[in-house]
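Chemist: Okay, here's what each chain looks like letter by letter:
Protein chains: 2
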Amino acid sequence: MGKALIIGAGGVSNVVVHKCCQNPDVFEEICLASRTKAKCDAIVASLPETKTKVTTAQVDADNTQEVVDLIRSFQPDIVINVALPYQDLTIMDACLETGVDYLDTANYEPPDVPKFEYKWQWAYREKFKKAGITALLGSGFDPGVTGVFSAYAQKHYFDEIHTIDILDANAGDHGYSFATNFNPEINIREITANGRYFKDGHWVETEPLEIKKVYDFPQIGEKDIYLLYHEELESLSQNIKGIKQIRFWMTFSQKYLTHLNVLQNVGMTSIEPIEFEGKQIAPIHFLKAVLPDPASLGPRTKGKTNIGCIFQGRKDGKPQTYYVYNICDHEEAYREVGSQAISYTTGVPAMIGAMLMLQGTWKKPGVYNVEEFDPDPFMDALNKHGLPWHESFEPTLLD
Amino acid sequence: MGKALIIGAGGVSNVVVHKCCQNPDVFEEICLASRTKAKCDAIVASLPETKTKVTTAQVDADNTQEVVDLIRSFQPDIVINVALPYQDLTIMDACLETGVDYLDTANYEPPDVPKFEYKWQWAYREKFKKAGITALLGSGFDPGVTGVFSAYAQKHYFDEIHTIDILDANAGDHGYSFATNFNPEINIREITANGRYFKDGHWVETEPLEIKKVYDFPQIGEKDIYLLYHEELESLSQNIKGIKQIRFWMTFSQKYLTHLNVLQNVGMTSIEPIEFEGKQIAPIHFLKAVLPDPASLGPRTKGKTNIGCIFQGRKDGKPQTYYVYNICDHEEAYREVGSQAISYTTGVPAMIGAMLMLQGTWKKPGVYNVEEFDPDPFMDALNKHGLPWHESFEPTLLD
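Chain order of the listed sequences is X and L. Residue numbering for the first sequence follows the numbering used here, beginning at 74 and increasing consecutively. Residue numbering for the second sequence follows the numbering used here, beginning at 74 and increasing consecutively.
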C-alpha cells in the first residue's frame with residue numbers, strides 16, 4: 074500500500090519497525106533513519122522474516138535540508154517521527170517542503186526551556202492545509218490512545234463529558250533497587266515540576282507531587298498516583314466540548330521517589346561539574362555510569378502497565394461513567410518485539426496512526442490531534458495489533 | 074609536672090592539645106606528632122596563649138622504630154595515642170621498648186578485617202606489668218567515660234548491677250540534607266553490621282539495626298535509638314562483676330538512615346572502581362567529593378549530644394536504678410576548642426586520663442580499661458574540664 078520513512082532509532086522506533094513489518098500489506102517499504110545508522114542497522118538485524126522491504130539511512134533530523142534530501146530520495150508516503158521532541162519542527166518543515174504526511178508521538182519542546190505546549194506545532198495548521206497534507210500529532214499512548222479513548226467515549230457513551238481522569242500506571246519491576254528507564258534528568262524534571270490540571274475553563278497549578286491519591290487498578294492493584302501535567306490535557310481541554318475538568322495521574326512508588334529525592338539532596342543529580350582528581354565531572358553523568366544501563370532493563374522487567382481514562386458526564390439525561398484502559402505486559406512485549414511495555418505502548422499506536430493515514434481512513438489536510446478523527450477504526454486496530462482494551466461502566470472514581 | 078607525646082592530628086587530637094594547654098601545671102610540655110607535620114602545626118597555630126611548651130614532629134605511627142626514636146628524643150612521661158586504631162600495637166610496642174606509659178581512646182583493629190576486640194591489646198598485660206608501665210585503654214567517652222560511670226555506679230550506688238544500657242545520642246544538626254562526620258565507609262559499616270549485646274553470660278547477635286526503640290533524652294527529647302555492638306561491652310561484661318545484661322544504643326535519624334541506604338542501594342558507596350571516561354573511579358570516592366567536607370561541619374553544627382548509662386540492680390536489699398549522663402553542646406565546644414561535640418567528648422577524657430596518670434593517681438603496671446581504676450577523681454575532673462555530668466535515680470527505663 075505505501076512507503077514510510079521512520080526517523081529515530083530508540084526503543085519506540087524499534088517497536089514501530091517491528092509492528093510495521095508485521096503488516097507488510099500496508100507498509101510495503103520502510104526506511105529507518107537516524108543520526109547513527111548503526112543503531113538502525115541493529116534494529117533491522119533484530120527483525121524476524123518480513124515481506125516489508127526495509128532499508129536504513131543516516132540523517133541529522135536537526136537539519137531540515139538533510140531530511141528533505143532523504144525524503145526526495147526515498148519518496149515515502151508518510152514520515153513517522155519517533156526521534157527527539159526537539160526535532161518535530163525541522164521534520165515538519167521537511168514534510169511541508171516535500172508534500173508528505175507527518176506523524177509524531179510527543180509534542181515539540183524547545184531544547185533550552187522544556188515546555189509541553191502544542192502552540193509551535195499548531196502554528197503549522199494553515200501551512201499543512203494549504204499543502205494538502207496531514208500532520209497527526211501525538212499518536213503514542215499518552216498522548217495518543219488517551220485521546221482516541223476520549224473521542225470514543227464522546228461518540229458512543231456521552232452527550233456531555235464533564236470530567237476526564239487519565240491514569241497511567243506502571244507496575245513494572247526490573248529487580249534493581251533503583252534504575253531509570255531513561256534520562257534521570259527527565260525523571261527529576263517530572264517529579265519536581267509543578268502539577269497542573271484543567272478546571273472550569275482555566276488551569277490550576279499545584280506544588281510538585283502535591284496531590285496524591287491511591288487507586289486500585291484492574292489487574293495491577295493499589296498504587297500511589299500523583300497529579301502531573303501531561304501534554305494531552307491541552308488538546309483535550311479544547312477538543313472535548315463542554316469539558317469541566319481534566320486531570321492526569323501517574324504512579325510513582327514511594328521507593329522510587331525516595332531514591333530520586335536522596336540523590337537530588339546529596340547533589341548526585343546535579344549537572345554542575347565538580348572538580349574530581351583534576352577533572353570536571355557533572356555528578357549526574359557519574360551517577361548514570363553507576364546506575365544500571367537503561368538498555369539492560371528490557372529483558373528483566375516483569376509486571377504490567379495499565380493506562381486508561383475515566384469519564385464522567387451525562388447520556389440521555391442520566392449520569393454516566395465509563396472507564397476504558399489497556400493492560401500491557403512487560404515480558405510479553407519484550408518477547409514479541411524486544412522492547413518492554415513503555416516503548417511498546419507508544420510504538421504500537423504510532424504504527425496504527427500511520428496505517429490509518431496510509432489507508433486514507435485518517436486523512437484531512439491540516440495539523441490534528443488524534444481525538445479529532447473518528448476513533449472507531451483506531452479502537453479496532455488496538456485490539457488487533459497488541460493493545461486490546463477493556464471497559465467498565467462502574468469504575469472506582471477519583472474524588 | 075610532666076611531658077606528653079600526642080600522636081595523631083585529627084579532630085580528637087585538636088581537642089586533647091587544647092585541653093592539655095589549659096592545664097600547663099600538669100602538661101608542662103607536649104609534642105604533637107603525626108605523619109603530616111603540617112597538620113600538627115595547624116593545630117598548634119590555632120592554640121590560644123599557653124604556658125605549656127608545645128612542639129611538633131613528623132612520625133609514621135605504623136613504624137615502631139620511628140615512634141621509639143621520637144620517644145627517645147622527646148623523653149615524654151606518657152604517650153597519648155589519638156592516631157588510627159590500626160596503630161595501637163606499634164605504638165604500644167614503642168612504649169614497651171622505651172618504658173613509657175600509654176593511653177588510647179579506641180581499641181586496636183586489624184586494618185584488613187575490622188573487628189572490635191580487646192584481645193590483641195589485652196595480650197600485652199604481662200609485658201606492661203613486667204616493664205613497670207601503665208597502659209590505659211579506651212579513655213575517650215564511649216569507651217571511656219561510660220566505663221568510669223559504671224565503676225562510679227558500682228562503687229557508690231549498687232551492691233549488684235544487673236543491667237547497663239549505654240545510650241549515645243547525637244542531636245546535632247549541620248543543616249545539610251546529608252553529610253557524614255567522618256568516613257562514609259565507617260558510617261555504613263556501623264549500620265550494616267550485626268548488632269550484639271551481652272545477656273546471661275553470653276553474646277546475643279541481632280540483624281543490623283534490628284532492635285529499635287524510642288527514648289526521651291533529657292534536654293534532647295525523643296530520638297530513635299538502635300542497638301549496636303560497641304567495644305566497651307567486652308570489657309564491662311568482664312569488669313562489672315555479676316552483670317546480667319549490657320546493651321549499647323545509638324541514635325540515628327530516619328533521614329540519615331534513608332540517605333545512607335539509598336546511596337548504598339544505587340552503588341554510590343561501593344569501593345569497587347567503575348570505568349568512567351577512561352578512568353577507574355571508586356564511587357565512594359566520587360561521593361565524598363560531592364558531599365560536604367566533614368571539616369566544614371564543625372562551625373555550623375548546632376544542638377547537643379547526650380551520652381550516658383542507665384544502671385539497674387540492687388542496693389541494701391532493694392531495687393535501685395541510676396542514670397548518669399553528660400550533655401555536650403556542639404556550638405559551645407566549637408567556640409572553646411574549634412571542634413564540635415563528637416571530638417570534644419572523646420578528647421577531654423583522653424586528657425583527663427593522661428592527667429591522672431601523670432599525677433600518679435591512676436597508675437599501676439599493666440594494661441587496664443578505665444573501669445578498673447577508682448572513678449572518683451575522673452568524675453571530679455569531668456566536672457572541672459568541660460564535661461559535667463547529671464544524675465537521676467528515677468530515669469525512664471528501656472524494656
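Just to be clear, a hint being listed does not mean it is correct.
Identical copies go unnamed one by one, so any copy, or any two together, can satisfy a pair.
Unchecked claim - The calculated lysine-lysine pairs, modelled on DSS-like cross-linking and capped at a C-alpha distance of 30 Å, are:
id, residue 1, residue 2
1, K272, K361
2, K296, K328
3, K200, K352
4, K286, K202
5, K285, K328
6, K457, K192
7, K286, K328
8, K203, K391
9, K391, K110
10, K328, K202
11, K286, K203
12, K328, K200
Just so you know, these hints were derived from the structure itself, not from any lab.
Chemist: Flag every earlier hint the structure violates by its number, smallest first.
Modeler: Result: hints 1, 3, 4, 6, 8, 9, 10, 11 and 12 break, sorted rising.
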